[in-house]
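*Asks:* Sequence:
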Amino acid sequence: MSWGTELWDQFDNLEKHTQWGIDILEKYIKFVKERTEIELSYAKQLRNLSKKYQPKKNSKEEEEYKYTACKAFLSTLNEMSDYAGQHEVISENMTSQITVDLARYVQELKQERKSNFHEGRKAQQHIETCWKQLESSKRRFERDCKEADRAQQYFEKMDADINVTKADVEKARQQAQIRHQMAEDSKADYSSILQKFNREQHEYYHTHIPNIFQKIQEMEERRIVRMGQSMKTYAEVDRQVIPIIGKCLDEIVKAAESIDQNRDSQLVIEAYKSGFEPPGDIEFEDYTQPMKRTVSDNSLSNSRGEGKPELRLAGKAKGKLWPFIKKNKLMSLLTSPHQPPPPPPASASPSAVPNGPQSPKQPKEPLSHRFNEFMISKPKIHCFRSLKRGLSLKLGSTPEDFSNLPPEQRRKKLQQKVDDLNREIQKEMDQRDAITKMKDVYLKNPQMGDPASLDHKLTEVTQNIEKLRFEAQKFEAWLAEVEGRLQARSEQVRRQSGMYDGQPPPAGHTCAQDRESSPDGSYTEEQSQESQVKVLATDFDDEFDDEEPLPAIGTCKALYTFEGQNEGTISVAEGETLYVIEEDKGDGWTRIRRSEDEEGYVPTSYVEVCLDRNAKGAKTYI
Numbered sequence: 001m002s003w004g005t006e007l008w009d010q011f012d013n014l015e016k017h018t019q020w021g022i023d024i025l026e027k028y029i030k031f032v033k034e035r036t037e038i039e040l041s042y043a044k045q046l047r048n049l050s051k052k053y054q055p056k057k058n059s060k061e062e063e064e065y066k067y068t069a070c071k072a073f074l075s076t077l078n079e080m081s082d083y084a085g086q087h088e089v090i091s092e093n094m095t096s097q098i099t100v101d102l103a104r105y106v107q108e109l110k111q112e113r114k115s116n117f118h119e120g121r122k123a124q125q126h127i128e129t130c131w132k133q134l135e136s137s138k139r140r141f142e143r144d145c146k147e148a149d150r151a152q153q154y155f156e157k158m159d160a161d162i163n164v165t166k167a168d169v170e171k172a173r174q175q176a177q178i179r180h181q182m183a184e185d186s187k188a189d190y191s192s193i194l195q196k197f198n199r200e201q202h203e204y205y206h207t208h209i210p211n212i213f214q215k216i217q218e219m220e221e222r223r224i225v226r227m228g229q230s231m232k233t234y235a236e237v238d239r240q241v242i243p244i245i246g247k248c249l250d251e252i253v254k255a256a257e258s259i260d261q262n263r264d265s266q267l268v269i270e271a272y273k274s275g276f277e278p279p280g281d282i283e284f285e286d287y288t289q290p291m292k293r294t295v296s297d298n299s300l301s302n303s304r305g306e307g308k309p310e311l312r313l314a315g316k317a318k319g320k321l322w323p324f325i326k327k328n329k330l331m332s333l334l335t336s337p338h339q340p341p342p343p344p345p346a347s348a349s350p351s352a353v354p355n356g357p358q359s360p361k362q363p364k365e366p367l368s369h370r371f372n373e374f375m376i377s378k379p380k381i382h383c384f385r386s387l388k389r390g391l392s393l394k395l396g397s398t399p400e401d402f403s404n405l406p407p408e409q410r411r412k413k414l415q416q417k418v419d420d421l422n423r424e425i426q427k428e429m430d431q432r433d434a435i436t437k438m439k440d441v442y443l444k445n446p447q448m449g450d451p452a453s454l455d456h457k458l459t460e461v462t463q464n465i466e467k468l469r470f471e472a473q474k475f476e477a478w479l480a481e482v483e484g485r486l487q488a489r490s491e492q493v494r495r496q497s498g499m500y501d502g503q504p505p506p507a508g509h510t511c512a513q514d515r516e517s518s519p520d521g522s523y524t525e526e527q528s529q530e531s532q533v534k535v536l537a538t539d540f541d542d543e544f545d546d547e548e549p550l551p552a553i554g555t556c557k558a559l560y561t562f563e564g565q566n567e568g569t570i571s572v573a574e575g576e577t578l579y580v581i582e583e584d585k586g587d588g589w590t591r592i593r594r595s596e597d598e599e600g601y602v603p604t605s606y607v608e609v610c611l612d613r614n615a616k617g618a619k620t621y622i
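So the sequence shown is residues 1 to 622, counted in the working numbering.
It is possible that some hints are incorrect.
Claimed, not checked - Below, computed lysine to aspartate or glutamate pairings styled on EDC-like, alpha-carbon distance capped at 20 Å:
no., residue 1, residue 2
1, Lys-273, Glu-63
2, Lys-66, Glu-408
3, Lys-132, Glu-203
4, Lys-132, Asp-189
5, Lys-114, Glu-15
6, Lys-196, Asp-185
7, Lys-16, Glu-112
8, Lys-437, Asp-450
9, Lys-71, Asp-82
10, Lys-412, Glu-61
11, Lys-33, Asp-23
12, Lys-444, Glu-460
13, Lys-247, Glu-88
14, Lys-16, Glu-218
No wet-lab data here; the hints were simulated from the structure. Fair warning: this is a prediction, and the values are worked out from it, not measured in the lab.
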């Protein structure tokens, strides 16, 4: 089966068919190219999707990924990124193994087809030329034969006519002979050209055209085979990544199977456990007796001296917490100004304003009313430390020792801080060791560098290590304090529970423990028995031993005279020098102290503050 023998007369159709074959191949190349673009786009969209749902670094969302379900989701996102990578591999392999290869082959195929059909057209032109020569010689032979025949007839006519001279007859005879000779020559020429044409035509249809068509047939068959191979490669490229995609899917299944609901529940406990004990029974409040908001020291001592149990009201139990608070701090808390400070006087001299600037006017309330209102306010804040923590939270500042957190959460934060500092210390120590080794190398080989150039860096690293160790010791001390308190509190609870089990409460008396949590994480304890009051006194003494008068963080000089007319403010005279114990928190007031028991707030614009740079809490000089 050969195109040369079967399709010897279908040159034009073969030309159209081969062109159609090349068009099909180019269409397939375009298809594969668009598939690679789809794979790239799909991979890009998968990567963007995975990146979109990845947790942001140093954010609260990143902390949520400690749960096993979130870890499985994160693993799924990572596997999807690898999954997208395999689609990129598909695109790259199809581009390099199919698109580029076939594009180059199409160019070669076009060139080969052009050469083959050019050779075929050349053979066609040659046979057409031979045919034209044959037709020309044939027409000439036919013409010469007709001329010879007419010359012969003319000679016979002249020879039969008696009136024609002999010369005319001889001339007609010679002319007839010439024409016969020309006819013979044309005949010989026509015969020769005909034989030549027959040979050329035989070679054309039995040699040249079969060879050319055979080349075109082989070219077309190679194109078909190449297209089939490309389709196989197309499938193999997909099949090669199936195992890796299967592994990605297996990892997703493995991550899903690793989800542990019990572990997540335990993590929730660790994240939100406060360390407080559940509240006990609420005491009976007898409203038939007059209620007193405070208990004097004499009544407390008398009750202790008599040793007789008495019915203590909830209000009295709460009131007993207050004697453990420093008087000056409590008074300052209750009488702090609640209005913005007045603007400074227009004139620098106090004579311009006879009575000095007017402090914000507000109706004075008795201290007992303020105290009672504070006692019954909701939520109840039973100690100054709780209030201080609440104020710090409202101002948006977090204490360095995390004292605003519940005990258990504070312990976790401190432990995390200690671990971070230890890691930083280890990193600095490794850097110091590396610098030391480099310095030793420089000492042994001076041509490699100057050892003295590393002294400054070594000193800096050493100082950093000392600072970090100091910080670590500070946080370790706070951590030990918190762990000690938690242990002591648990021991206390066990002792109290044992006391309750061994000694049932007297009839008509309540033996309950009320532990209330405030919004800022602090808590209070209320007990009705005298032994419990003693335990509370000991606890609160320990709790507020560090509540000494605030240290001075600098000094200030009064620029104007200020008459402190509101509770919580203090009067100052122009030019007077006082101690600063609390700088302006943004509300326009500065807390100052004149003596050990005389302190209060003055407008920040009325004083010139000079903070001690080394004092705790000092930030800048004003």
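*Asks:* All hints, please: hold or fail.
*Replies:* Hint by hint, here is what the structure shows:
1. Lys-273 <-> Glu-63: holds, 16 Å
2. Lys-66 <-> Glu-408: holds, 18 Å
3. Lys-132 <-> Glu-203: holds, 17 Å
4. Lys-132 <-> Asp-189: The given pair, whose Cα atoms are some 14 Å apart, holds under the 20 Å limit.
5. Lys-114 <-> Glu-15: This hinted pair holds, its Cα atoms lying about 10 Å apart.
6. Lys-196 <-> Asp-185: holds, 17 Å
7. Lys-16 <-> Glu-112: holds, 15 Å
8. Lys-437 <-> Asp-450: Distance ~13 Å between Lys-437 and Asp-450 Cα, so the pair holds.
9. Lys-71 <-> Asp-82: Holds: Lys-71 and Asp-82 sit about 17 Å apart, inside 20 Å.
10. Lys-412 <-> Glu-61: Given pair Lys-412, Glu-61 holds - Cα atoms ~19 Å apart, limit 20 Å.
11. Lys-33 <-> Asp-23: Holds: Lys-33 and Asp-23 sit about 15 Å apart, inside 20 Å.
12. Lys-444 <-> Glu-460: violated, 23 Å
13. Lys-247 <-> Glu-88: Roughly 17 Å between the alpha carbons, so the hint for Lys-247 and Glu-88 holds.
14. Lys-16 <-> Glu-218: Roughly 16 Å separates the two Cα atoms, so the pair holds.
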